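> This is what each chain is made of:
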Amino acid sequence: MTAPVIEVRGLRTSFPVEGGRLDAVRGVDFDLRQGEVLGLIGESGSGKTMTGLSVLRLLPEAAETEAQSLRFKGEDLLQLSDEAFRALRGTHLAMVFQNPAGAFNPAKTIAWHMREIFRRKAARAGRSEEGDAPRDWRAETRRRLAEIGIAQPSRILKLYPHQLSGGMLQRVLIAMVLALEPDVIIADEPTTNLDNIVERQILVLFRRLQKRLSVAIMFITHDMTVAAALCDRIAVMYAGEIVEIGATSDIFHDPKHPYTQGLLATATALTRGGRLREIPGELPGALDAPPGCLFEPRCPHARAECRAARPAMRSLAGERQVRCVLYG
Amino acid sequence: MAGGRRRAWRRTWRAVLRNRTALAGLVITLIVALGVSAGAALAPYSPVDMDFANILAPPSWMHPLGTDSFGRDVLTRVLYGGRISLLISFTGVLIAAAAGTLAGMSSAYHGGITDAGLMRFSDLLFSFPSFVLALFLMVVLGFGVQNVILAIALVYFPIFARLARNTTLLVKEEPFVQAARLMGQSSLRILFREILPNIAAPLVVQASIGIAFGIVIEAGLSFLGLGVQPPTPSLGVIMADGREYFQRGPWVLTLTGLVISIALLGLNLLGDGLRDLTDPRLRKRAEL
Amino acid sequence: MSRSAATISFRLLGAVLTILVGAFAVFMVMKTAPGDPALVVLGEQAPPEAVAAFHARYHLDAPVLEQFWFWFSQAARGNFGRSLTIAGGTSISGLIGARLPNTIFIGLYGLTLAVIVSLVMGVIAALRRGRAADTVATSIAVLGISMPDFWLSYVLIFALALGAGWFPSYGFVPPGQSLTGALYSGFLPALAISAPMAAVFARTLRAALIDVSHREFITVARSFGFAEFFIFLQFVFRNALIPYVTVIGLQVRYLLGGVVVIERIFGIPGLGSLMVDSAFGRDYPVVQACAITFLAIVLGVNLLVDLVCTFLDPRRSH
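As you go down the protein sequences, you meet chains A, B and C in turn.
Throughout the first sequence, residue numbering follows this note's numbering, covering 1 to 328 in sequence.
Throughout the second sequence, residue numbering follows this note's numbering, covering 1 to 288 in sequence.
Throughout the third sequence, residue numbering follows this note's numbering, covering 1 to 318 in sequence.
Take the hints with a grain of salt, since some may be wrong.
Partial selection, computed: residues in chain C whose CB lies under 10 Å from chain B [claimed, not checked]:
id, residue
1, V16
2, P34
3, I157
4, L160
5, S178
6, V260
7, V261
8, N302
9, V305
Label pairs and their computed distance ranges (CB to CB) [said to hold, decoys possible]:
id, chain 1, residue 1, chain 2, residue 2, range
10, A, W112, B, F176, 45 to 51 Å
11, B, R10, A, R21, 55 to 61 Å
12, B, F176, C, V29, 40 to 46 Å
13, B, A98, C, L42, 40 to 46 Å
Think of the hints as simulated: they come from the structure by calculation, not from any bench.
Model, not experiment: these values are computed from the prediction.
Just so you know, even glycine gets a beta-carbon here, dropped at the ideal spot from N, CA and C.
This is chain A alone, in the form it adopts within the complex (with noise of 0.2 Å):
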């Protein structure tokens, strides 16, 4: 088993609301390995996305984050300071956004967005902190947006961002964040308003990445057929907590937590895309959290132990976990 490359104990992140305290993420613990997608799973508000923005630092200040341990290749991340957080960023650790029509700088061309990150491409070599993008920048540019499917890369780069679909505009985001080949990559909803054959192209595109490179990705997502297919582990999440991990066809295949169960069968119900919708009942209002186990209300097996505690994660065989009291 190589070293995880993102280690993540007890991350917990509120921001306040009126009213009180938004806790967004309530003590997540993962590990990314080196060369994996580790697939996260949720319906939406279930703190997926704020879980990524956490590890990357890149939260408002308003937002508190605190971990037990978040750790980089083993360098202790919370001990770095903003300017230092800074340097990894876009050069180790990268993110794909989900919505990319409000990603870029309104006032710029593509080009220049390509440019800018060349240039912090060329700072991660060693090059002065302000490293000048490479003589074929354009070049290389061009092959990167025709390798993400995009036909005519040359006037792509003349746009401007609103001239642009959504479906281009999250290509060349992807674009852009592959060619900064960073160590890690966390990639939220990264194919949601693409069509099925560009999001095929992507997913393959990123598992190729994943082969050459050993980048590891995190894939953030509510679609269980693209993480069926793409992902090695996948972690569930729900209301703010990881309730269930392990390897993908495990967790396909002999679904452990109550949740998991419910969201396998709901999307074998539908057709395309599995959405998550059918579990009668709530997320719970992030402000109104019960003391014991968050799914309790909704699940068909709760037990009078279940509103006791919060359930503690659970260690099974074959690296699965499960926090759930059904487990032992």
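Fit chains B and C to the known structure of chain A by using the hints.
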């Protein structure tokens, strides 16, 4: 329906009290307004009583703001003058708001040529610097209190017309307006019952700011001698007086200007606070 | 690029049209003003034949539209007629030509000061948001807006001219004569004008900077590890420029209005004081010409600001 609206008003009122800026603005404005209306009546001096023994006396207990070159108590003059300035600005803005809102609302509601025409007319008025337009109008209409009111009204008319029009355009697509139309209500009723309450907020904010600058316009015109004519006191007239002997008695002009500034501060804060409260983005955050 | 050229020409045409309509409106409204110019010039006791001759000479007996046409055809050639009372007989365009540069100088001077101060204040307030510097800056801004510029003038005169003696309280040296003289004698008036404007600009800039800094592409930029200063300059500030410049354009109307009174206070021979003098002297042709000139200036500035904003905002130019 009616109960809901009453509750909404109470909620609004509580929100005003909570917002510090609006509260401060409201307090200051009320103090100023009360001061000039009641104070003028309560002042021991008359604004025209001359006391030649006490010319250009600096501020003292007897005369908190000093006296002017005729021995008149400056504080009394300022209170009377302030009342007049405030009344002029308030009336002018009120006329502009009423006429502009009516014009803007019906223009947006009915659309077509009247809409285009009104907008062109507003834009034209708006293309003149406000004070220059006011000055021009004083030349055409003649000097005096009534014409200053009219000038202010005309300067602010396009602002209210455009604001009312733009907000009406947004509101008129709302479902409850469509519903009212389908139920066969008359246009007039729809405009006043359904649309007006929903566009009132930005109009009130604008009115608050408008009154503030209306005072400045009046003061400026009167200061130049083109507005309120002496002996009627207005803040601008008093400042013009104070200018004559500025070196010997700077307090007249300076303190009068200070009063104007305080009134402006109050009205600006009030407008700001109200704007904060009624900004839809902020409201959404508040209702979270 | 041809699309931009077309837009520019279109807007220019619109501005010219507005000036024409404005001139017409001003002319017509001026006609309703009380008083007979003939009596103003020749005196109340003038004999009827002299009055009639005056009317004939200046086409005052012709139908109003014809009068406008006569006036306009001359004005289009740059001839605005002659002053009736205040500068007896001097060509109005000459008067305006002599006065306009002073007004523009003070206006630009004040605007420049306002921009500089507001850039500093706005950026500081936004960067140190919520902290002491922000509260201070914001409070100053609110106070700045609340001070009528002609009052501020006297405060400045009192403090810096009569009190400290650093600047003159009266008398303006035109820039044509001496640039340094103009900068020196024009400092107090420019400062007085700039204060309320700087306040508005600073508030707008601060709000715009804060607003943009909450947008998603800022988080994305940070995720790429770009330097904070780079992000501030190229992402935040660059996108906040558009509302900032727009507000500058909107404020010009108030700027020009304020200049009128400032000119009187400091004795600056500008367009504003010309208009005031001619207002008192019932010199209607001059008042008219001044009003139209002010209109033209506002429209010209609007056009300029519009062009700059179009250039700054790719959504408008592409």
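> In ascending order, which of the hints set out earlier in this document are inconsistent with the structure?
1, 4, 5, 9, 11
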